[in-house]
Amino acid sequence: MDYIQDKEEIMKNKDYLDELEAEAIYILREVAGQFDRPALLFSGGKDSICLVHLALKAFRPGKFPFPLVHVDTGHNFEEAITYRDNLAKQLDEKLIVRYVTDTIKAKKLQDGKGKFPSRNGLQTYTLLDVIEEFEFDACIGGARRDEEKARAKERIFSVRDEFGQWDPKMQRPELWNIYNGKVNKGENVRVFPISNWTELDVWNYIKREKIELPSIYFTHERECILTENGQLMNTNEFVTIEEKDVVVKKKVRYRTVGDMTCTAAVESEAYTVDDIIKELKEAKISERGATRMDDRVSEAAMEDRKKGGYF
Amino acid sequence: MDLLRFFTAGNVDDGKSTLIGRLLYDSNSISTDIIETLTRQSKTTGTNTEIDLALLTDGLRAEREQGITIDVAYKYFSTDKRKFIIADTPGHIQYTRNMFTGASNANLAIILVDARNGITDQTKRHSIISAILGMPHVLVCINKMDLVDYSEEKYKQIESDYLTFAKQLNLKDISFIPASALAGDNVVTKSDKMSWYKGKPLLEFLETIEIVEAKQTDVSRFQVQYVIRPQTDDLHDYRGFAGRVVSGSYQKGQKVTVLPSGIETTIDKIEVNQQEVELAETNTPVVLHLKDDVDISRGNSIVPTEHLPKTEKEVTATICWMDNAAYIPGQKILLQQNSFRTKAVVKEVISKIDIHSFTQLESDGAMKLNDICKVLIKTAEPISFDSYADNRNSGSFILINENTNNTIAAGTID
Ligand SMILES: Nc1nc2c(ncn2[C@@H]2O[C@H](COP(=O)(O)OP(=O)(O)OP(=O)(O)O)[C@@H](O)[C@H]2O)c(=O)[nH]1
Ligand SMILES: [Mg+2]
Chain A
18 MDYIQDKEEI
28 MKNKDYLDEL
38 EAEAIYILRE
48 VAGQFDRPAL
58 LFSGGKDSIC
68 LVHLALKAFR
78 PGKFPFPLVH
88 VDTGHNFEEA
98 ITYRDNLAKQ
108 LDEKLIVRYV
118 TDTIKAKKLQ
128 DGKGKFPSRN
138 GLQTYTLLDV
148 IEEFEFDACI
158 GGARRDEEKA
168 RAKERIFSVR
178 DEFGQWDPKM
188 QRPELWNIYN
198 GKVNKGENVR
208 VFPISNWTEL
218 DVWNYIKREK
228 IELPSIYFTH
238 ERECILTENG
248 QLMNTNEFVT
258 IEEKDVVVKK
268 KVRYRTVGDM
278 TCTAAVESEA
288 YTVDDIIKEL
298 KEAKISERGA
308 TRMDDRVSEA
318 AMEDRKKGGY
328 F
Chain B
176 MDLLRFFTAG
186 NVDDGKSTLI
196 GRLLYDSNSI
206 STDIIETLTR
216 QSKTTGTNTE
226 IDLALLTDGL
236 RAEREQGITI
246 DVAYKYFSTD
256 KRKFIIADTP
266 GHIQYTRNMF
276 TGASNANLAI
286 ILVDARNGIT
296 DQTKRHSIIS
306 AILGMPHVLV
316 CINKMDLVDY
326 SEEKYKQIES
336 DYLTFAKQLN
346 LKDISFIPAS
356 ALAGDNVVTK
366 SDKMSWYKGK
376 PLLEFLETIE
386 IVEAKQTDVS
396 RFQVQYVIRP
406 QTDDLHDYRG
416 FAGRVVSGSY
426 QKGQKVTVLP
436 SGIETTIDKI
446 EVNQQEVELA
456 ETNTPVVLHL
466 KDDVDISRGN
476 SIVPTEHLPK
486 TEKEVTATIC
496 WMDNAAYIPG
506 QKILLQQNSF
516 RTKAVVKEVI
526 SKIDIHSFTQ
536 LESDGAMKLN
546 DICKVLIKTA
556 EPISFDSYAD
566 NRNSGSFILI
576 NENTNNTIAA
586 GTID
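Protein sequences appear in the order of chains A and B.
Converting from the first sequence to the working numbering requires adding 17 to each position, the first position being numbered 1.
Converting from the second sequence to the working numbering requires adding 175 to each position, the first position being numbered 1.
None of these hints come from the bench; they were simulated from the model.
For each residue, glycine too, the CB sits at the ideal point set by N, CA and C.
One thing to keep in mind: the hints can contain errors.
Covered stretches of chain A (chain B as the covering partner; in silico rule of three or more C-beta atoms under 8 Å from a C-beta of chain B) [what the hints assert, rightly or not]:
# : region
1 : 186-194
2 : 199-213
3 : 231-242
Using the sequences plus the hints, can you model the full thing?
Structure below.
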């Protein structure tokens, strides 16, 4: 009798975070079981940090069945890079880093231009090269469906052709918890274990699991350019500061960590994870809307980049 | 807080995407920058309305251009009462496989009906698919009430037509709401134009319905996804079977059988995140250790010895054919049931479901896109299974074309 009550109690207290976590671990283990040469794309951002945390739960005491791979734009926040290197060392997992700067040289590509010379688009070349170099057949990423309208359409196992391209009109059906990762040589599958998590879920999970993050996620004082549409862009060696620019010193934090030249900071008073959760519950602007310059270019910017091989 | 996963279905243009857009908009779940974008887009691509709410989920360029949904979009929102994962699926028959995709993980179906047109073939097809999937709750939303003068009579007629049709389907819990997704009647707030309707508006309905999980027997099921073998000096003999407790629970010391080999052994240790536990409940990711050193690989089942699933080389199942290319008799295929994969062949197409009458038609042996058929499948390796009615996990599978690698059918075992 006791046992039944226990069981009901356990089921009642089952949080939705347990459900999301279980789904993500299940997906990670499917990758390990189905592919010969998977990789986990690690950016040093909160989503990929959560992926690593989930991988620990999925595979320890064993080693990860995949290396961590970072496509380094060269436009990084130092804190994210330090975090990345420490993490790999601390976990004793393999880290592969490939540099967009090298790709630009080797392929004679045009580097990002203009005031905010983003290498966000150029990343795709380096990514496709590293996939080819190591013959990765699966790349795990931390993209979430709530981030963007094209992402909201993507499968958890998303098949890419030899050119890394996504064909949104020909996606495989994805039924129940059954993931079909079969691809031909040269093709690969992008796998998104936290597809069903929202930004708030990620923070609630970080809180629950006490996950350490790079300091730029928390408020700090920073010199920024206040752009015409009200975004706060970090001043740094890559950004051209002109006389007409309004340069301000503000208390800010980052909601996403990407290419430093196209990721905006948000004003914030959040010193702790709890503060961030509170702030997000009241936020009126979406994650990408607040922080990304690149998605404002056109209505289908993300869809187009994905079709071209981007995450 | 609990989680409700639901999806929208119904004929093309019945207002599924608009309804989801309205639900999110009126519940203040859309960020201001997204609303700005939608307003801008509505001027160029959308309908004449100020803001075309369908554009919120129709996230692909082709969808916006054509004003239809092509593939399922997932949306997330929560209220004080509950967290929701929404799958907005396409109504067009050509994209039935995408509708199936959105429906397969849900616990509740919202089937929309255009109040002017009443029940259509797609209403029936999607209801049949919901029935095949064992959907615990079905909500029929009779939409576009604004176009029929909010007529109670119209509503009643459609309600009774639907119930007549649904009688054969064995759908469990059916409810009805009259609404206008466009005008916002009975979506988040109760409409003052339909005082004859005494029920709840949609949001309140979704917040308060008692969720019945898609039926999971308490019989314990577990499949090995991956074998953890660190092979380090200190963990030299460590050999753990990683997977998820699919249903029921597992206990230390429990007598278990490994399938398909049939070898009996005992659970020596259960680990959750490297912590040893006595008991692991449904849905927990675990690592199992067994007393005896048996040969086990990915896709094998570890099940309680006193409650074995069937283990056979033949299954009878209902499948929905999803490939553009029709089935070729004798075609070699792969069958995948969670982490278990085997070569297989459809030995016989037994019958085909007629979606108008929901009767089993005699089969001519052919199967083409969107056909729902009862088939006999022969597998190369024995498969351990339960009937889908008993267990959604061990009773479902997909078929894969060995050549194109495409997922070509979804199946539920009889
Ligand atoms: N008058 C009226 N029009 C509506 C209502 N709901 C939707 N519409 C219109 O019906 C058309 C189709 O709406 P959608 O929401 O795109 O339909 P859908 O069911 O998502 O269509 P598919 O996803 O392509 O199957 C649009 O022009 C909507 O504005 C309603 O309640 N009243
Ligand atoms: Mg739609």
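Count the residues of the region 199-213 of chain A whose Cβ falls closer than 8 Å to any Cβ of chain B, and tell me whether that reaches three.
holds (count 5)
Check of the region 186-194 of chain A against chain B for coverage (Cβ-Cβ below 8 Å, three residues minimum)
Our answer is that it holds, as 8 residues pass the Cβ test (under 8 Å) against chain B, meeting three.
Okay, the region 231-242 of chain A and chain B, do three or more residues pass the C-beta test at under 8 Å?
Contact hint for the region 231-242 of chain A vs chain B: violated, 0 residues under 8 Å.
The structure does not agree with numbered hint 3 stated previously, though it agrees with all others.
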